[in-house]
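Sequences are here, hints too, so could you generate the full structure?
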Amino acid sequence: MTSPQGRMRPEHRPVRSLSDLAVVAGSTASSSTEGVSVTGVAVGSTDVLPGDLFVALPGLKVHGARHAAEALAAGAVAVLTDAEGAELIGPGCEVPVIVTDRPLRTVLGQVSAWCYGHPARELTVVGVTGTNGKTTTTYFVDAALRAVHTTTAVVGTVELRVGDEAIESPRTTVEAPVLHGLFALMLERGATACSMEVSSHALALERVAGLTVDVAAFTNLQRDHLDFHGDMEGYFRDKARLFAPDHARRGVICVDDEWGRRLAAEARIPVETVATHADPAAREGADWWVEEATIGLDGVGSTFTLVGPDGVRLEAFSPLPGLVNVSNAALAIVVAHRAGISLEDAVSGVAGAHAIPGRMERVVERGAGWPLCLVDYAHTPDALTLALEAVRPITPGRLVLVLGSDGDRDRGKRPLMGEIAARLADVVVVTDENPRSEDPGEIRSAILAGARSVRPDLRGVLEVSPRADAVRLGMLLGGSSDTVIVTGKGHEPTQEIAGVFHRYNDRDVYLSTREAGRPGDVLTADAVDVDAQRAALHALRRTSHGRRTVAVVAAPRTPAEVTDLDALGRLAVRLDVRRLLAVGPSARAVHTGAYQEGSWDAETAWVPDVDAARAWLATEIEPEDIVLVTGAGLEDLAADLAGGVAARIDEGGEL
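Sequential numbering of the sequence shown, starting at 1, is according to my numbering.
Treat the hints as calculated values from the structure; they're not laboratory data.
These numbers come from a predicted model, not from an experiment.
Mixed in with the good hints, there may be bad ones.
Between beta-carbon pairs, the in silico distance windows are [to be verified]:
| # | residue 1 | residue 2 | range |
| --- | --- | --- | --- |
| 1 | Gly163 | Gly441 | 43 to 51 Å |
| 2 | His201 | Asp609 | 44 to 52 Å |
| 3 | Gly35 | Arg102 | 21 to 29 Å |
| 4 | Ser481 | Gly517 | 13 to 21 Å |
| 5 | Asp609 | Arg189 | 57 to 65 Å |
| 6 | Ala69 | Arg102 | 20 to 28 Å |
| 7 | Lys61 | Pro270 | 34 to 42 Å |
Using N, Cα and C, we set each Cβ at its ideal position, and we do this for glycine too.
Next comes the structure, spelled out in structure tokens:
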């Protein structure tokens, strides 16, 4: 079966002589290539269409030549490979095998571009690289380009989009045959501009060979992918490949960090620099810089002034919250301008950019008992810090964070993520991201170790698996003044566990949780004294109508004797309250009385504070329960639980 990206090709496919292709590949054309034509290029056997050249690359674990038979069965008419691949295929192959001694990945890009007629040369192409912010900046640039270009395309982590047609992207930057086929499809569909993400892996593995972008952009360099690049120096060298004459005509570099400043000094193409932080060292000598950034407390976006050459001053707006998105917006404006868009159109285009999947994406708005619920792709220590700092100013109450960390990736960042979470969030729910081949529990343990270095007692830190349960819990823990942010996966439509990809998306969990509603109806009772609470327990029994009853009890406003609180717990048991939760040090006697009356195991519990009560309720309440909340200090908890369905009990115990 052909993969979706294998189908993102032009309807009118090119016809190229295999003999000519062999010359482009640096191989001598043989008699076996004469009279053979190819109509496309594929590097994955599942991407092969009839008439394709199959390029068999050496892989990290398996050489692509081992899949030649599958490619031929799918209709490949020739194979391009190296000496090792030719030996694996053997002499009896039924189609011509072209062997090259040049770097095969470089050849792959050149052959792909040639086969499709170098389509990128007829497009305005922007390439964005960096650790964090690539996706957001790419979409901001696309929004600006659309001020002039009627039809545009986006290639990146979220999707492969040409005009109105899009498919899920298999990776940040696709392999060269898919990429150049996409460019050809763009021309066929009337697109004139493309914004694309360029990953460090793509640069190291020559996935962008055969492409020279009009403008290359650099966001930042932060710890990530060190399992692949070895160290930050290796990571930087691979990113810097984009800023060379064979890959870009000009560049725009954010110089907020030392790596950006170094790249600007070492780039082998003309570059302009953008400084978006107040750091004088970063601003010194910058061509463009940000002033007067104002973080909007409505949680929607931020305003800022962009200052440029010759005294240019632009009042601009980032549609996403936080200083990090001021940086992305400022960079995008300059990049779009250097790609041929007027400054005015670039500013207005970025300001009007639509929601970007998985990037500070607002899924559930604050209100009706629900917290503001966000999804963000932050999966590095620096990105997590910036994300939490961005949402703190727009959070009147508590900041609830749900996070994990990828398996089979940089292990050193896991405790760092835990430290940051414990330092910047009020409530932390540690869960699974993409465990891949690793034990999910070990990954969570490393994150928890980092959190423990900040909070030795792990107060307010929970460990929950699977991920859907963690996201659901985080949402239910939040009240209408809180913000819940789940990080790490962003837009991703699957979760990889033990080598299997399961359909999963954080956004879907939020929406299904809201649709299901908060568990149970909630009754609130004025806790003037123990007598009022006793009346409320009787009212709970009368109004249950066969439903399971839950009582959440704190000490009343009027000081009560220990014996009276003990008796209150015993009464709850006699009235057949099925779940009793005592909250706070003063209410411990309620739990003791219930326990001694015969309520054991999970039937009764004591927690020290409201945060712990939220966690207990989120996991214990069932949809048909009726819940009583009574006691001093539980007002916000009751309101949040109710979510608009609370019924009030008067002091006499009547509804």
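Taking the hints in turn, this is what the structure says about them:
Under the hint 43 to 51 Å, the C-beta atoms of glycine 163 and glycine 441, about 45 Å apart, fit the expected range. For histidine 201 and aspartate 609, the Cβ-Cβ distance of about 46 Å falls inside the hinted range of 44 to 52 Å, so the restraint holds. Taking 21 to 29 Å as the suggested C-beta distance range, the pair glycine 35 and arginine 102 conforms, at roughly 25 Å. Taking 13 to 21 Å as the suggested C-beta distance range, the pair serine 481 and glycine 517 conforms, at roughly 19 Å.
Evaluation of the 57 to 65 Å hint for aspartate 609 and arginine 189 yields a pass: the beta carbon distance comes to about 58 Å. Separation of alanine 69 from arginine 102 is about 25 Å and conforms to the stated range, judged on CB atoms against 20 to 28 Å. Look at lysine 61 against proline 270: about 41 Å separates their beta carbons, and that is inside 34 to 42 Å.
Every hint from the earlier list agrees with this structure, and none is contradicted.
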